[in-house]
Amino acid sequence: QNMWRFVVLSGLASSFLIGGIVSYGAVTRFKSTALSFSAVLFLFIAVAEIGFTAYQEHVSLFKAASGQWEWGNNDDGPPTMRYLKQLFRRHNVDGSGYADEDEFRKILIEAGVTNITDIGLRA
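Residue numbering for the sequence shown follows our numbering, beginning at 1 and increasing consecutively.
There's no promise every hint is true.
Only pairs whose alpha carbons sit at most 20 Å apart, straight line, appear in this in silico DMTMM-like list of lysine to aspartate or glutamate [stated by the list, open to error]: (1) Lys31 <-> Glu49; (2) Lys63 <-> Glu49; (3) Lys85 <-> Glu103; (4) Lys85 <-> Glu110; (5) Lys31 <-> Glu57; (6) Lys85 <-> Glu101; (7) Lys106 <-> Asp118; (8) Lys106 <-> Glu57; (9) Lys106 <-> Asp94; (10) Lys85 <-> Glu49.
I should point out that these hints are in silico values taken from the structure, not numbers from a laboratory.
Treat the numbers as computed from the prediction; the structure is a model and nothing was measured.
Please build the complete structure, drawing on both the sequences and the hints.
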């Protein structure tokens with residue numbers, strides 16, 4: 001879950017850094033239309049980041065844009081059903097509705113279960 005936060009924040013930072021460099025180039029070359037160009041560029045970056053977050057976190061575009069979703073599980077108690085369902089959807093790559101051993105192992109690891117044995121996984 002922290003890695004996902006790092007990916008999102010790194011994506012935002014690099015996108016806006018590249019956008020700033022491109023905008024600077026536009027200002028020096030096309031003075032009269034640079035503001036419009038920059039506005040469209042940064043709007044595109046924002047929409048792309050929101051769409052990517054909505055896709056990865058399986059939330060609506062509104063929730064992705066406003067940040068109104070759970071990044072993961074709260075650390076105050078057991079995992080919530082909503083969090084576990086999100087994990088399952090994210091790791092059920094074949095779309096079967098069932099988790100095979102590899103998918104189940106990944107779900108447990110992301111949920112914070114670290115002492116997984118092969119025997120315990122098959123039980």
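Structure-inconsistent hints, enumerated in ascending order: 1, 5, 10
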